[in-house]
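Undergrad: Sequence:
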Amino acid sequence: MHNNNQFDLFKTRRFLPLFITQFLGAFNDNLFKNAMLVMIAFFGLGFAGINSATLINAAAGIFILPFFLFSATAGQLAERYDKAQLARFVKLMEIAIMAVAAAGFILQSAATLMVCLFMMGVHSALFGPLKYSILPQYLDERELLGGNGLIEMGTFIAILLGQIGGTLIIESNKENASLMAGAIASACVAVAVLGYLSSRAMPPAPPQAKNLKINWNIFTETWHIIRLSRRNLTVFHSLMGISWFWFFGAVYLTQLPSYAKDVLGGNAEVYTLLVALFSIGVGAGSALCEALSGRKVEIGLVPFGSIGMCIFGIDLYFAAPMSPAAQVGWLAFLQDASHWRLLADITLLGVFGGFFIVPLYALIQMRSEPEYRSRIIAANNILNSCFMVVSAVVSVLVLEAGATIPQLLLIVAIMNIPVALYVYGLQPEFLMRFLVWIATHTMYRVKHEGLDNIPEEGPAILVCNHVSFMDALVIGGAVRRPVRFVMDHRIFKVPVLNFIFRTAGAVPIAPAKEDPAMKERAFMKVQEYLSQGEVVCIFPEGKITFDGELNTFKAGVQELAQRSGAPVVPMALRGLWGSFFSRKDGSAMVKIPRRFWSRITLAASQPVPAAEVRVEDLQQRVLALRGNSK
Numbered sequence: 001m002h003n004n005n006q007f008d009l010f011k012t013r014r015f016l017p018l019f020i021t022q023f024l025g026a027f028n029d030n031l032f033k034n035a036m037l038v039m040i041a042f043f044g045l046g047f048a049g050i051n052s053a054t055l056i057n058a059a060a061g062i063f064i065l066p067f068f069l070f071s072a073t074a075g076q077l078a079e080r081y082d083k084a085q086l087a088r089f090v091k092l093m094e095i096a097i098m099a100v101a102a103a104g105f106i107l108q109s110a111a112t113l114m115v116c117l118f119m120m121g122v123h124s125a126l127f128g129p130l131k132y133s134i135l136p137q138y139l140d141e142r143e144l145l146g147g148n149g150l151i152e153m154g155t156f157i158a159i160l161l162g163q164i165g166g167t168l169i170i171e172s173n174k175e176n177a178s179l180m181a182g183a184i185a186s187a188c189v190a191v192a193v194l195g196y197l198s199s200r201a202m203p204p205a206p207p208q209a210k211n212l213k214i215n216w217n218i219f220t221e222t223w224h225i226i227r228l229s230r231r232n233l234t235v236f237h238s239l240m241g242i243s244w245f246w247f248f249g250a251v252y253l254t255q256l257p258s259y260a261k262d263v264l265g266g267n268a269e270v271y272t273l274l275v276a277l278f279s280i281g282v283g284a285g286s287a288l289c290e291a292l293s294g295r296k297v298e299i300g301l302v303p304f305g306s307i308g309m310c311i312f313g314i315d316l317y318f319a320a321p322m323s324p325a326a327q328v329g330w331l332a333f334l335q336d337a338s339h340w341r342l343l344a345d346i347t348l349l350g351v352f353g354g355f356f357i358v359p360l361y362a363l364i365q366m367r368s369e370p371e372y373r374s375r376i377i378a379a380n381n382i383l384n385s386c387f388m389v390v391s392a393v394v395s396v397l398v399l400e401a402g403a404t405i406p407q408l409l410l411i412v413a414i415m416n417i418p419v420a421l422y423v424y425g426l427q428p429e430f431l432m433r434f435l436v437w438i439a440t441h442t443m444y445r446v447k448h449e450g451l452d453n454i455p456e457e458g459p460a461i462l463v464c465n466h467v468s469f470m471d472a473l474v475i476g477g478a479v480r481r482p483v484r485f486v487m488d489h490r491i492f493k494v495p496v497l498n499f500i501f502r503t504a505g506a507v508p509i510a511p512a513k514e515d516p517a518m519k520e521r522a523f524m525k526v527q528e529y530l531s532q533g534e535v536v537c538i539f540p541e542g543k544i545t546f547d548g549e550l551n552t553f554k555a556g557v558q559e560l561a562q563r564s565g566a567p568v569v570p571m572a573l574r575g576l577w578g579s580f581f582s583r584k585d586g587s588a589m590v591k592i593p594r595r596f597w598s599r600i601t602l603a604a605s606q607p608v609p610a611a612e613v614r615v616e617d618l619q620q621r622v623l624a625l626r627g628n629s630k
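For the sequence shown, position 489 (counting from the first letter as 1) is numbered 489 according to full-length UniProt numbering, and the numbering increases by one without interruption.
Bear in mind the hints are in silico, worked out from the structure with no lab data behind them. Be careful, since some hints might not be right.
What the hints assert, rightly or not - Below, simulated SDA-like cross-link-like pairs (lysine to any residue); rule was C-alpha separation at most 20 Å, straight line:
hint: 1; residue 1: K519; residue 2: E559
hint: 2; residue 1: K543; residue 2: R563
hint: 3; residue 1: K493; residue 2: F469
hint: 4; residue 1: K447; residue 2: G556
Stated by the list, open to error - Restraint-style ranges between C-beta atoms, simulated for each label pair:
hint: 5; residue 1: L233; residue 2: I438; range: 22 to 32 Å
hint: 6; residue 1: P321; residue 2: Q532; range: 51 to 61 Å
hint: 7; residue 1: Q606; residue 2: R227; range: 21 to 31 Å
hint: 8; residue 1: M322; residue 2: E456; range: 23 to 33 Å
Note that CB positions come from ideal geometry on N, CA and C, so glycine has one too.
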C-alpha cells in the first residue's frame, strides 16, 4: 500500500527506524566534534604545544580521512551482509567510541579525542553506503525521492542541532570544567545508545551480493569502485554533480565564521544564525522535492537547483553590507531590515541545494545495479571527500591571491554556470527533463488517472490521442519510466522541442508513401527499444487533430505489438484541445495564449496483451477514456 505523501513514511517501520538511526548518528558526529572544537578554541584544550588554529584545521582533516581510506571497504560490506545487521554493528561501534571519548573529555586529553574523532569518521564512512543503498530495499520507486528528501532534511537538521547542542553544553557549564566534561561525555554516550536501540527496529535488508569476496586492499578496491561507477555514465555524472554540491557547500560553510565576523560584523550568534538558515533551507528544499516532482524521480529539478544556487550565490555578494556593524548578536542583526535580503539569499541557497542534490541521490539508487549499489555510493563518498579537500585548497589559493571572502563566494557561485553547462552537455537528459518539468508545471496542472496500469518493468507500447504539440511532453513528464516517442518527422523538427525529442530518444516517422525508408528505420528502432525492455509511445492517428475529434488509427501499432509481443496500454489526453499548442481556430502556436495552469488529464486503462491487439478496439478504448472532454 502506497503512502499518500512522504511524511506518511514516518508511520512505517521500514523507514522510521532508519531515519532515527541516521538522524542520531549525524547529530552525535556534530555534537562531539563541535564540543571538542569549542574546548580547543576557547577553553585551552591542547596537545604537544600545538596552537588551537592548527589543531582545529587538523581535526577537519582527521575526520574526513576515513572516507578516503574505508569507503571502498564499507561499500563491499554493505553488499555482502544484511544492511540492518551491519547498521547495528556500526552503532555498537559508536557506543564504544563515545565511551572512550567520554574519558577523553573528563581527562582533558586532546590526543584521545583526536583518535575518537578519527574513529567517528570511520563510523560515518561505514554507515554512508549502507544508509543510501538500503532505501531502494525498503521503499518502492515512487517513494524513493520522498524518502531521500526526508533523509537529507533530517541529516542537515541533525548537523545543525548537533553543532548548537555541543556549543550550548560547553557554554552552560563553562564555570565548572569537570561538570562541563561530564555533561558532554554523558550526552555523547546517551545519543549513541539511542542510535543503537533505533537500529534494532530496522527490518532485515538481505545482502545484494552475498557471495562477494571482500578485497581488503583499500587502494586497489578504491580504484576498482571508481572505475565501476563509470560503467553507467548517467550514474557517474550524478556522482560528479553531488560532489560539486559538496565542493560548493564546503566553501560556503567553511567561510561562514569569518564572513559573519569580518564582513557582517556579527558575533558567534550571527554565525549560528547563518548556519541554521542554510541547513533549514537544504532541509526544506529536500522535503519539497516530492511535491514538485509528482512522487517520481524528477531529474528536471537538478538544473532548477543549479540555477537557483547560481542566482542567490551571486546576489549574496551584492546583498552584503558596505561596512560591517560592531559585534552584534543575532537578534540585533535580524532587526536590521537591510540584512533580510542577505538572510533570504543564504536560505534560498540551501533550498535550491536541496532541489539539486536529492534527485541525484535517488537517480543513483534507481539506476545502479542492486549488487553494485552500495559500492557505487561508496565511490560517491570518496569523490565527495576529494572535492571537499579541493575546495579547501581552492579557497586558500583564491584568498592568498588577494580576494576577499565575498569575492571568493561570488567566484564559486559563478563557477556553477560552466560546471552546469559541462555536466548538462555530457548528460543532456537533465536539461531535457528540466524543460519538460518547466513546461508541464507552468502551463498545465496535470491530473493522472490509471497510470499504475503502465507496467513497472519490461516492454510496453503506449497509444494516445494526438491533440497538440505538447502531448509528448505531458506524457513524458507524467510517466515514471523513460518513454521513447514515435512522432511525425515534422513535429520532431520543431525548434526547442527538437532538442527535447532528440535527447529523449524519440523516433521520427513518415508515411510509407512519403518516405518509405524513414518508416522502415522507425519500425526497426522501435523494435530495438522494445527488445531492450523500454516503453514506447505511439500516436496511432499519425497526425495532430484539426477538429478535436479522434482520427482513424493506423495499423502500424498492431503490427508492432505482434512483432514485439509487448502489451499495449491505451491512454487519453483531456483538456488540451483549444490550447496554444493545438490546432483549434487555425495553426498551432500562432495565437495568443488564453490561459496558464490549465487543468488537463492524462488517463490510462489496463494493458491489452499483444495477441489481443486490434487497431479498431484500441481506438474505441482511447475514445472511451477521452469521453466528451477534448
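Undergrad: Look at each hint and say if it fits the structure.
TA: Hints versus structure:
1. K519 - E559: Satisfied, since the Cα-Cα distance of roughly 13 Å is no more than 20 Å.
2. K543 - R563: violated (23 Å)
3. K493 - F469: holds (11 Å)
4. K447 - G556: violated (29 Å)
5. L233 - I438: 22 to 32 Å: holds (24 Å)
6. P321 - Q532: 51 to 61 Å: Given range 51 to 61 Å: holds, Cβ gap about 58 Å.
7. Q606 - R227: 21 to 31 Å: violated (44 Å)
8. M322 - E456: 23 to 33 Å: Once the Cβ atoms are compared, 58 Å apart, the range 23 to 33 Å for E456 and M322 is violated.
In summary, the structure is inconsistent with hints 2, 4, 7, 8 from the numbered list given earlier, while agreeing with the others.
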